[in-house]
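Student: These are the residues of each chain, in order.
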Amino acid sequence: MNYNELIDRLSEQTGNTKTGSKKMLQNAITVLSDQLESGNGVSIPDLGTFSTRITPERKVYNPHYDAEMMVPKKRIVEFTPATGLKDEVKYLGKKDE
Amino acid sequence: MSEKITFKELVELIAKQSEQSQSSANSFISELVEIIEAGLKTDGQVSISGFGKFELRWMNERSGTNPQTGEQITIPGQNKVVFKPYKALREGVNAPYADLESKIIDKENNLDRKKSKEIFTTPVKKSGSQESLDDLLIERDNPYSGNKDRVIDKQEPEPVANVASAKRPNPAIVKEVRDKGTFNWSFAAAGIIALLAFLLLFYMVQRDPESADPQITDSIESPVTAESETDREMETGTPPPPPAEPPVDEIDDSQSDIETENYEILPGQSLWTIAEAELGNPYLWPFIYYLNSDIIDNPNAIPLATNLQIPIISNPDNLSELERDQVARGYLALYHWNRDNNPDQARYFLWAVGVFSTDLLENLPSDVDAEDLAFALSR
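Keeping their order, the protein sequence lines are chains C and W. Okay, so the first sequence: first residue is 1399 according to the working numbering, each after it adds one. Okay, so the second sequence: first residue is 97 according to the working numbering, each after it adds one.
Take these hints with a grain of salt, some might be off.
Unchecked claim - So the derived list for chain C, only partly shown, Cβ under 7 Å to chain W, looks like this: (1) M1399; (2) Y1401; (3) R1451; (4) A1465; (5) E1466; (6) V1487.
Said to hold, decoys possible - When the alpha-carbon atoms are kept at most 30 Å apart in a straight line, the in silico DSBU-like pairs for lysine-lysine are as follows: (7) K1492/C - K1471/C; (8) K112/W - K183/W; (9) K149/W - K1472/C; (10) K1484/C - K199/W; (11) K137/W - K1492/C; (12) K1421/C - K104/W; (13) K1472/C - K183/W; (14) K149/W - K112/W; (15) K137/W - K183/W; (16) K183/W - K1421/C; (17) K100/W - K1420/C; (18) K180/W - K1488/C; (19) K100/W - K1484/C; (20) K1420/C - K180/W; (21) K176/W - K1457/C; (22) K137/W - K180/W; (23) K199/W - K180/W; (24) K149/W - K137/W; (25) K104/W - K183/W; (26) K100/W - K180/W; (27) K1421/C - K1484/C; (28) K149/W - K1492/C; (29) K1472/C - K100/W.
Unchecked claim - Computed from the model, here is a short list of chain W residues facing chain C with C-beta under 7 Å: (30) K100; (31) F103; (32) S114; (33) V129; (34) D139; (35) V142; (36) S145; (37) Q174; (38) P181; (39) Y182; (40) V189.
Think of the hints as simulated: they come from the structure by calculation, not from any bench. Since we're looking at a predicted model, the values are computed, not measured. We put the CB at the ideal spot given by N, CA and C, even for glycine.
Using the sequences and the hints, build the whole thing.
Tutor: Dropping the structure here:
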């Protein structure tokens, strides 16, 4: 499902216009992103928990230069799906995209 | 930092951001969640522009152990929900560490460095000694390929710059390496430094053509042309070996044999431009310098309205022995001047001495730097 389909579905379900739904979605995303960027975790019922985590610096091997490289530490987004969602999709079978 | 906000707080924030009631924000979120779930079920993925993508990833069947009983079990294949943040979110979240870059670990890098050093040191060593510029060129072309013309320009004028860049430690070779490869990067650095040196030189030329031009033309112009010009001059000159030059102490007498005229230097003129206009060949400017060495102190800065003695040269393409000797002596004088004031460039003047009079170069007084002499003789 792509972004447009998502907005179509949203406007269908909420009875809003597409532009209204889109705006609403964008606002929600802005708030979520802001929270994540300031390092806060956000948990959304039935969907899951977004949080950030710092991956420590690590060594990797870069075959192109035949050398080990040090990848610096990074802060990344983590998502843990809610149990309900996890179980819903668990045994759907393999999906080919 | 690293706290968790509750769902209630989130709804409040979204309501505030979108200027809607909390209840509508709340219901919006639950609709959204429902749709995401439905989308995952039907398509296996839901993409939210500007945020990220939820998708199902199939985990193959694998074996594992029950941590409580220790018995071997088979974990059946199943779907997993993964969230892949898009670039904007990734970068926003990583903003505090955005300036950190991947580095090649020094120890592992030795090999690459050695490689690049080898390529560098061979020509560098030679540029210090007597290898000809042509040899340098041939050796340096290799790493560049495809870029020859520029390389010639950049490398030739300032072998010194290359020495510097080659010696420069490669402290931590940074992420840029990823695009170019380690030693390409160091070459690029050398190229940039050489280019800067070249630009600086060029700038000097613009300001003081009389000082910088000869070395530039001698060195910057691809040596092929410089050489062919020299050859041409040599050939059109006097084919039989030149007779013995007048000894040094007789110069003053021989100088009187040269016809001269008075010339008042005008604003914006240099010895180079005067030589070009009056003598027909700008490379002969040291001749003027030589004739006026008692008046001119700094060839790059001649006081206005100085009255110069300009030699009258009948045919600049076919200089007489005496004229060639005078030009060569001019270059020699400039070599000494540059030894004191511009040591990096001095050897080019010495080399030019040999262009105009090989005899003079071979019978130089002993106060010439041995290395410079070797450089000049190698031509």
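Student: Would you mind marking each hint as holding or not holding in the structure?
Tutor: Against the structure, the hints:
no. : hint              : verdict
1   : M1399             : holds, 4 Å
2   : Y1401             : holds, 4 Å
3   : R1451             : violated, 9 Å
4   : A1465             : holds, 4 Å
5   : E1466             : holds, 4 Å
6   : V1487             : holds, 5 Å
7   : K1492/C - K1471/C : violated, 34 Å
8   : K112/W - K183/W   : holds, 26 Å
9   : K149/W - K1472/C  : holds, 20 Å
10  : K1484/C - K199/W  : violated, 38 Å
11  : K137/W - K1492/C  : holds, 11 Å
12  : K1421/C - K104/W  : holds, 20 Å
13  : K1472/C - K183/W  : holds, 14 Å
14  : K149/W - K112/W   : holds, 25 Å
15  : K137/W - K183/W   : holds, 25 Å
16  : K183/W - K1421/C  : holds, 20 Å
17  : K100/W - K1420/C  : holds, 26 Å
18  : K180/W - K1488/C  : holds, 18 Å
19  : K100/W - K1484/C  : holds, 21 Å
20  : K1420/C - K180/W  : holds, 21 Å
21  : K176/W - K1457/C  : holds, 28 Å
22  : K137/W - K180/W   : holds, 17 Å
23  : K199/W - K180/W   : holds, 25 Å
24  : K149/W - K137/W   : holds, 14 Å
25  : K104/W - K183/W   : holds, 28 Å
26  : K100/W - K180/W   : holds, 20 Å
27  : K1421/C - K1484/C : holds, 28 Å
28  : K149/W - K1492/C  : holds, 18 Å
29  : K1472/C - K100/W  : holds, 19 Å
30  : K100              : holds, 4 Å
31  : F103              : holds, 6 Å
32  : S114              : holds, 4 Å
33  : V129              : holds, 5 Å
34  : D139              : holds, 5 Å
35  : V142              : holds, 5 Å
36  : S145              : holds, 4 Å
37  : Q174              : holds, 5 Å
38  : P181              : holds, 4 Å
39  : Y182              : violated, 10 Å
40  : V189              : holds, 5 Å
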